[in-house]
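Asks: The lines below spell out each chain.
There are 2 protein chains.
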Amino acid sequence: MSTPLSGLGKSGLIRHLAAGIKTSQPSTLKGIGDDAAVLGYGNATLVAATDTLAEGVHFDLTYTPMQHLGYKAAVVAISDLYAMNAIPRQLLVSIAVSAKFSVESLELLYLGLQHACDQYHLDLVGGDTSPSITGFYINVTAIGEVLPEKITCRNTAKKGDLICVSGDLGAAYLGLQVLEREKKLFEEDASMQPQLTGYEYVVGRQLKPTARKDISDFFASAGMVPTAMIDVSAGLASDLMRICTASNVGCEIHHHKIPVAEETIRTAGEFFTEPLIAALNGGEDYELLFTVPVAEYEKIVGRQDLSIIGYITAPEDGCYLMTGHGNRIEIQGERSFDRLSS
Amino acid sequence: MSTPLSGLGKSGLIRHLAAGIKTSQPSTLKGIGDDAAVLGYGNATLVAATDTLAEGVHFDLTYTPMQHLGYKAAVVAISDLYAMNAIPRQLLVSIAVSAKFSVESLELLYLGLQHACDQYHLDLVGGDTSPSITGFYINVTAIGEVLPEKITCRNTAKKGDLICVSGDLGAAYLGLQVLEREKKLFEEDASMQPQLTGYEYVVGRQLKPTARKDISDFFASAGMVPTAMIDVSAGLASDLMRICTASNVGCEIHHHKIPVAEETIRTAGEFFTEPLIAALNGGEDYELLFTVPVAEYEKIVGRQDLSIIGYITAPEDGCYLMTGHGNRIEIQGERSFDRLSS
Numbered sequence: 001m002s003t004p005l006s007g008l009g010k011s012g013l014i015r016h017l018a019a020g021i022k023t024s025q026p027s028t029l030k031g032i033g034d035d036a037a038v039l040g041y042g043n044a045t046l047v048a049a050t051d052t053l054a055e056g057v058h059f060d061l062t063y064t065p066m067q068h069l070g071y072k073a074a075v076v077a078i079s080d081l082y083a084m085n086a087i088p089r090q091l092l093v094s095i096a097v098s099a100k101f102s103v104e105s106l107e108l109l110y111l112g113l114q115h116a117c118d119q120y121h122l123d124l125v126g127g128d129t130s131p132s133i134t135g136f137y138i139n140v141t142a143i144g145e146v147l148p149e150k151i152t153c154r155n156t157a158k159k160g161d162l163i164c165v166s167g168d169l170g171a172a173y174l175g176l177q178v179l180e181r182e183k184k185l186f187e188e189d190a191s192m193q194p195q196l197t198g199y200e201y202v203v204g205r206q207l208k209p210t211a212r213k214d215i216s217d218f219f220a221s222a223g224m225v226p227t228a229m230i231d232v233s234a235g236l237a238s239d240l241m242r243i244c245t246a247s248n249v250g251c252e253i254h255h256h257k258i259p260v261a262e263e264t265i266r267t268a269g270e271f272f273t274e275p276l277i278a279a280l281n282g283g284e285d286y287e288l289l290f291t292v293p294v295a296e297y298e299k300i301v302g303r304q305d306l307s308i309i310g311y312i313t314a315p316e317d318g319c320y321l322m323t324g325h326g327n328r329i330e331i332q333g334e335r336s337f338d339r340l341s342s
Numbered sequence: 001m002s003t004p005l006s007g008l009g010k011s012g013l014i015r016h017l018a019a020g021i022k023t024s025q026p027s028t029l030k031g032i033g034d035d036a037a038v039l040g041y042g043n044a045t046l047v048a049a050t051d052t053l054a055e056g057v058h059f060d061l062t063y064t065p066m067q068h069l070g071y072k073a074a075v076v077a078i079s080d081l082y083a084m085n086a087i088p089r090q091l092l093v094s095i096a097v098s099a100k101f102s103v104e105s106l107e108l109l110y111l112g113l114q115h116a117c118d119q120y121h122l123d124l125v126g127g128d129t130s131p132s133i134t135g136f137y138i139n140v141t142a143i144g145e146v147l148p149e150k151i152t153c154r155n156t157a158k159k160g161d162l163i164c165v166s167g168d169l170g171a172a173y174l175g176l177q178v179l180e181r182e183k184k185l186f187e188e189d190a191s192m193q194p195q196l197t198g199y200e201y202v203v204g205r206q207l208k209p210t211a212r213k214d215i216s217d218f219f220a221s222a223g224m225v226p227t228a229m230i231d232v233s234a235g236l237a238s239d240l241m242r243i244c245t246a247s248n249v250g251c252e253i254h255h256h257k258i259p260v261a262e263e264t265i266r267t268a269g270e271f272f273t274e275p276l277i278a279a280l281n282g283g284e285d286y287e288l289l290f291t292v293p294v295a296e297y298e299k300i301v302g303r304q305d306l307s308i309i310g311y312i313t314a315p316e317d318g319c320y321l322m323t324g325h326g327n328r329i330e331i332q333g334e335r336s337f338d339r340l341s342s
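The listed protein sequences correspond, in order, to chains A and B. Under the numbering used here, think of the first position of the first sequence as 1, with each following residue one higher. Under the numbering used here, think of the first position of the second sequence as 1, with each following residue one higher.
These aren't lab readings, by the way, just hints derived from the structure by calculation. Being a predicted model, the structure only gives us computed values, none of them experimental. Just to be clear, a hint being listed does not mean it is correct.
One copy or two, it doesn't matter: identical chains are merged, so the pair holds either way.
To be verified - Here are the simulated lysine to any residue pairs, SDA-like style, with alpha carbons at most 20 Å apart:
id	residue 1	residue 2
1	LYS100	HIS16
2	LYS213	SER27
3	LYS100	GLY135
4	LYS158	HIS254
5	LYS100	SER2
6	LYS22	GLU107
7	LYS208	ALA261
8	LYS257	MET322
9	LYS208	LEU61
10	LYS150	GLY42
11	LYS100	THR134
12	LYS100	GLY56
13	LYS299	SER221
14	LYS100	LEU8
15	LYS100	ILE133
16	LYS213	GLN25
17	LYS100	GLY12
So that you can see chain A by itself, here it is in the shape it has in the complex:
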């Protein structure tokens, strides 16, 4: 029997493979199924998450500087820990690299990793460096700690909770479109210079995303613990569906509440793309998507970098996007395995 991977979404595949896996160690508090595993050792509660970026899937070295790649690989794993409301502390980094790479290019990669470590106050404590026959792979494991009462999982959203998201969405996807366009033009005519003026924001969001430490810090200073949280890696639609599926709830979000930057809207126009589609399905935003009780409304509403985009409903109400004039569209979460997703 041979079932192609392409038939399953990424979450579906992980769910399928993890279905038979049981945990038995007392130190395992939470296994597969969230942004990070939760471990209890002595009087400490730890979180650990691992992410792989693969050449040709998650990045293209023709337009991705090695330094940015190192930074981004770190941010992707660090973001998973913020999505648990945890504090990242250490990184382990494994790379598989073909002999055609220079020592200098790996130095740049490590500069980027170190830059992320400095910015988010982590230590790079270990790793592995392997030869690779084809392609470049980087795997980052992030380890951190969390107070047990602050752990924020995907499966604890409650009916009536507000759905909130930090920053804006869809920019990283459009940055990728710009970079791909310039690559194509360069391939057709090698005298072409890449034209990135006016696209600094969207390209920056693609090449050098930010993990929302500031939002994690805000939760701490506001004395607030979200009821559920995830980072937006696959796209708002997929990631919101992950919360709803895990929490067994429905949701209703509103088109005009979804935050999209000016430059994203303008760039989307050039590519004949709906900004909404980029926000819903683009992914790689690494913003925090979370739910809070209505009682927390006042704490959220005053912040420019947080948007309330809807609310959690009962499971039988389904998951819907309201587009105005009473129209509603059912939210489709998962995309197929062979598309970009991290």
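We have chain A already, so just place chain B on it with the hints.
Replies: What follows is chain B alone, placed relative to chain A:
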């Protein structure tokens, strides 16, 4: 400037890249430079190690069953924790896989991972599944715990210590030669059946190695803490040199004391290979190489599965293999980056 990777050994490359990296988190007790990082959280001391296996470098899917690959990937990371004298507890697994793989083949991979988890009493707690354009990559991070007084590093061997190794060496390398020979014969004539009878031991050591939990248990029950330890992944010569370099000591080991299995010797003969060379440079044995004070001699000497192969000398004495009749050969550690090593 462009310096090729092939000019540096694997340890040399990691040392080079890690040279500028400083740690500042109080929870980081030991960073890059040993089999695993050591972390202190609350009253617990943890260890974490990460390893990547790359298709075409560390394994060939034409003769590596997916179930064995999963098992081996887990063992490689678990072995790193035993080499710290720690107890492995959790695994995080990332795979990058092309869409041509079937769901069933990944199920087999996870069966192998689960089998290793069952055998060594670990939980599989998380991971990532990415698309890959070319090749199959598997990264395993192992997390475990250790009593602070039992942590065994590479850099603490002392002059006069006995050098000991578990099991036997060189078999995994010769198992690889047998598998490569059968693959070649099959490629020349597809009606050929692989002939593995008589090679079960060496092939088994290549495809399904063992992490020496039993030796770690022996240290605990004997109330013994090695002065230094490493697992034999790159080969006895390289791994012993890692201990000597990190500890700033010399060593003298004896040819006829190095444990090599009967089947390894016989198979080496067929391939016109010296069994000694396979033991020194073959790698992938995942035996424990450790040093103990002479006072522990009695505890070691009675065990069939431990061999005392030499002793630690002063740094100015260098690192030598004694071959009998007073001949001695300087031990060369590092191999170049583009050769197999993990």
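Asks: Could you work out which of the previously given hints the structure breaks and list their numbers from low to high?
Replies: none
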